[in-house]
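Peer 1: So the chains spell out like this:
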Amino acid sequence: MSYYRPEFRHPDLDVNDIGYTLKDYEGSLSTLCAGCGHDSISAAIARACHEISIEPHRLAKMSGIGCSSKTPTYFLGNSHGFNSVHGRMPSVATGAAMANRDLIYLGVSGDGDTASIGMGQFAHVIRRNLNMVYIVMNNGCYGLTKGQDSATADYGSYSKKGDPTPFEGIDLCAMALQIGASFVARSFSGDKNQLIPLIKAAMSHKGFALIDVVSPCVTFNNNDGSTKSYEFTREHMAATGTMDFVPMKEEIVASYEPDSTQEVTLHDGSVIHLHKLADNVDPLNLSNAFQTVERYRTSGEILTGLIYMDPDSQELHERIKTIQKPLNSLTEVELCPGNKVLLNLNASLR
Amino acid sequence: MKPTDIKDPEYFHKVVDCQYACPAHTPVPEYIRMIAAGRYTDAYMINWESNVFPGILGRTCDRPCEPACRRGRVEEEPVAICRLKRVAADNKGNVSVHMPKIPRKKNGKRIALIGAGPASLTVARDLAPLGYSMDIYDDQSRGGGMMRSQIPAFRLPAEVLNEEVDYVLDLDVVTHFDTTIDSLASVLEKKYDAVFVGTGAPRGKDLKLSGQDEAAANIHIGIEWLASVAFEHIDKIGKRVIVMGGGNTAMDCCRTARRLGGEDVKVVVRSPFADMKASPWEKEDAMHEDIPILDNHVPKGFVTEDGKLVGALFEKVDAVYDENGKRTLVPTGEEPVLIECDDVLMAIGQENSFPWIERDLGLEFDQWDMPVVDPVSFQSTREDVFFGGDAAFGPENIITAVAHGHQAAVSIDKYCNGEDIMGRLSPGVTLISQKMGIHEWSYDNAVPSDLRYIVPQADKSDTLRNRKLEVELGFDRDTGYLEAQRCLNCDVQTVFNEGRCIECDACVDICPTLCINFVENAEEEPLRQALLQPAQNLTQDLYVSEVLPTKRVMVKDENVCLHCGLCAERCPTTAWDMQKFLYSVTKAGWSA
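Those protein sequence lines, which keep their order, are chains A and B.
The opening position of the first sequence corresponds to residue 1 in our numbering, with each subsequent residue numbered one higher.
The opening position of the second sequence corresponds to residue 1001 in our numbering, with each subsequent residue numbered one higher.
Calculated from the structure, these hints are not laboratory results.
Check the hints yourself; a few may be wrong.
Cut-off 25 Å, straight-line C-alpha distance, at most; resulting in silico cross-link-like pairs (SDA-like, lysine to any residue) [what the hints assert, rightly or not]: (1) Lys1551/B with Asp244/A; (2) Lys161/A with Ile1438/B; (3) Lys1551/B with Gly241/A; (4) Lys23/A with Asn1537/B.
Just a sample of chain B residues kept apart from chain A, beta carbon distances all over 12 Å, derived [unchecked claim]: (5) Pro1023; (6) Lys1208; (7) Val1317; (8) Val1337; (9) Pro1456; (10) Ile1510.
Virtual Cβ for every residue (Gly too), placed ideally from N, Cα, C.
Let's have the full structure, built from the sequences with the hints guiding it.
Peer 2: So this is what it looks like as structure tokens:
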């Protein structure tokens, strides 16, 4: 048995702006099933972070329980991480973000962790517009417990040894739009060309960013009749458009036909180019996004790409006007302002 | 690009960089695995089949395999392939039981082999088991040719040489030593069915500089001097010695001079140090023995006093390269440099010489007075005379001579059987899955990060006192194991079956060296640039699949594949498999 990754990497690996190669964004070797879509998403996250030069110590990986929630071990091995209770990642992430607003929070969850046990938490973290990226590795089944249907399994979809699903599946993107998410996207683990720019944009977005990623379970849900298999997803995938993400520092060299491209500048100065948008699709318009999602759902197509974003959204810290500094940087002077302040406070309440 | 035809044996052959670079195409990873497994005798026999002189080559080979080694492209140093070969030779058991059986009844064909060096011995080794009767002629008193006369004993002990020469001669080859052939016609008169000429490149070049005639007593031609030392006609040299030349013979000359009384020995070479023909390790060994190498010095003449050599004059030059890389040595204009010395050894090259071949025998000679020899069949323009080794196309090295010998043997066998000598069989090829189970492969797919191990040497104070004391001690078994594990097993091929692929990207994501891609097809140049990690090493091929269901193709850049098997490990559908590719060069006597 010699299942481990050699130390050697390609000698010509790109070095990013802060001096790191892709190797510095890798994690441990995956223990998921061979061919699991989740591994591709892990690789996409690592590549996105390398390409936009995220400092590994400035990112915290948050997860719950499930195959998906194991993956933070398999990428960004030099970053912070917290593997929380099943379905409770949003509240742990909220606590962490409240304590230290300077970190980038990357939540990783699954369809069970999000749409079943964690549904309440999911709804409220969206409603509060916590500044985080929330990636759902969505395979429509409970892979870790032998592949039972999950709440996102589509009506009539078959898993490897099951009957057709008798219930309608929950569309996490539609739900997120409803509750007020400020960035909603869907993608496919097998399409990194789409997924990587989405992850980059989500990380630059101020506020809650959901990316629902169809991620086939090769072991229990990649069979004929499944609507979350590699083959079905490829055949039924439609995209809102293509997107390029240009980080703030980079000179913009690509040029597009003015009619076909929309530029969105994010709060940190980065720019998103949306081009080749499908007919009647406008990801910057919420009511259009509702209609688009519904239109594609009824036509049986899997809508991917950026569905909606509000580049001017107010994230949680701004809404509740918290202190600008991370709590761990506060000194005794700020934390214990003294008896006089206390007396004034008490007086104001009398 | 068109899909790669992996049924063409040359495709995967090229992936095994070491074997591909070896003139004799020895299956290097196969024997290295056996060394790691402690199967020294088996490792020896694989070598013996392919290169005939594992113990000799394990000490003296020019190692074209090592600069080619893939390991050298992912870290600093290639695998010490050559010295691992010696580990097999040093630790082997009784190999005589594995030697080919010689038929009691001969096939009635008689072959003359002129010269008893590596080329002729290889021909003898290949033809003896087929029943040929062979006479081998040499003017030396024992077999081995230049391996005996030119390679000093401190690099190649006589017992190693004798053992491996004898394995061949013991195959019922009739020897005629101390026999100088001075007429090819006289050999042809003996009505041999075929004659093989493996007489090497026996003539050392000479410069004929001013003052040379006067100083002749102390100016020696390198290879002749080495031969005189080897046969114990010479046992001393002056204290101050200049060796002219920058090849491996110059290195052997200077190191031998150090052992024969030379205290102040210098190598003086025309070219820049980096351009010298000598192998880097041979230069290192010379410098380790306190021999300075003065580069960019062109010899101009000799200085004598009272008819005796006192020094040599050199002009200093700079190497200037034009846009095509062609070098010119331009004098710096400085005063000539006088280097005082007692003796000079000239090791500036050697050449073929065929005064003993009559020009009316039907053998064509070219404008340089060299015999015209076919580069595939090694047949001359006279159908029953074949050439090989340095005698065929000028000075090369032992392993090239062996490769020639194998091919000449194929030709001789076909010629003697009245077959078309160009109707040669394809190489023997097998491709077998190495999968044993989950996470189990029948080869060590782990890739240790160990750096190249250094071969220990005997103490310099001892080796410089004794010309015959071997300098290199060779790896011990434990170090041999560790060095063997550095091999990347490039012969265990990544074989892709597009029919099974579901394009899940698992192989792309796991590959440590970003070799694997699923992209839209294109012509080679744009395709190389379109890869995750652009494929800049143009000497390494791209492995391209048929078009997949998503209209993309799988493209693998072979350049720095570690053959770790993770792609196959992470593939859910066994579209990738690790399969051992064994390539055997066509041998005499093979039939379809």
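Peer 1: Next step is simple, just say for each hint if it's right about the structure.
Peer 2: Structure-based check of all given hints:
1. The suggested pairing of Lys1551/B with Asp244/A holds, with an alpha-carbon distance near 23 Å, which does not exceed 25 Å.
2. Under the criterion of a C-alpha separation no larger than 25 Å, the hint pairing Lys161/A with Ile1438/B is consistent with the structure, at around 24 Å.
3. Restraint check for Lys1551/B and Gly241/A: satisfied, since their Cα atoms lie roughly 20 Å apart, inside the 25 Å limit.
4. Of the supplied pair hints, the one linking Lys23/A and Asn1537/B holds, its CA atoms being roughly 21 Å apart against a limit of 25 Å.
5. Look at Pro1023/B: its CB is around 28 Å from the nearest CB on chain A, clear of 12 Å, so calling it non-interface holds up.
6. Listed as a non-interface residue, Lys1208/B keeps its Cβ farther than 12 Å from every Cβ of chain A; the least gap is roughly 49 Å.
7. Every CB of chain A is more than 12 Å from the CB of Val1317/B (nearest about 36 Å), matching its label as outside the interface.
8. For Val1337/B, the requirement that its beta carbon stay farther than 12 Å from each beta carbon of chain A is met, with the minimum near 42 Å.
9. The beta carbon of Pro1456/B sits about 26 Å from the closest Cβ of chain A, which is more than 12 Å, so the claim that it is off the interface holds.
10. Distance check on Ile1510/B: its Cβ comes as close as 7 Å (rounded) to a Cβ of chain A, failing to clear the 12 Å threshold; non-interface status is violated.
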